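Student: Sequence:
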Amino acid sequence: MVGAIFSYIEESSPSTPLGIDMIQKLLILALGLFFIIAGINHFVQPEFYYPLIPNYFPWPGFINYLSGVMEIILGLGVLMPSGRKVSAWGIMVLMILFIPSHVYFIQIGSCVPDGLCVPPWLAWVRLVIIHPLLMVWAFYVSKTK
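Heads up, the sequence shown is in this note's numbering, so the first residue is 80 and it goes up one at a time.
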C-alpha cells in the first residue's frame, strides 16, 4: 500500500533537483499517515481521549469520534494532490481546535487518573512546540504539488 501511495504521489508531483522531491514526498506521506493512524486510534482507544476532552464541552463521545473521522479524512486528503491544500489547511484548523484540550490537560496537572500522566513541562512542550510544528508541517505540505 505504501508503494502505491508513493507511486501516486510521484506521478502527480513535479520533479525538483537535489532529491527535494523525495523529501517532499516523505513529508506528505508521513503527515498523512500520522493523522490517519491518530484518527483510527480515536476508535480503537476512545477511553484514552475522553478524559482529555475538557469537562465543559458537551458530548465527549461525539467530539472524540468526530475528531477521529476528521483526522482520517484530512490525512487521506493530504495524500491526494487534488485535496492536499484544503486538507493541510484543515489540519491546521484542527490543531487550533485541539488547543483547549491541551490547555485543559495542563490545568488538570498533566495527569489523568488511570490514563496519561506526563511531567508538566512535557505537556507544555506538546502545546507550545509540537503543536505549532505540526501546523508548520501542514503548511509546508499545503504548498507542495
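Honestly, I wouldn't trust all of these hints.
Once the Cα atoms are required to be at most 30 Å apart in a straight line, the calculated DSSO-like pairs of lysine-lysine come out as [as the list claims (entries may be wrong)]:
#1 K104 / K222
#2 K222 / K164
#3 K224 / K104
#4 K104 / K164
#5 K224 / K164
None of these hints come from the bench; they were simulated from the model. Keep in mind that this is a model prediction, so the values were computed, not measured.
Student: Each hint: holds or not?
Tutor: Hints, verified against the model:
{"no.": "1", "hint": "K104 / K222", "result": "12 Å, holds"}
{"no.": "2", "hint": "K222 / K164", "result": "7 Å, holds"}
{"no.": "3", "hint": "K224 / K104", "result": "10 Å, holds"}
{"no.": "4", "hint": "K104 / K164", "result": "14 Å, holds"}
{"no.": "5", "hint": "K224 / K164", "result": "9 Å, holds"}
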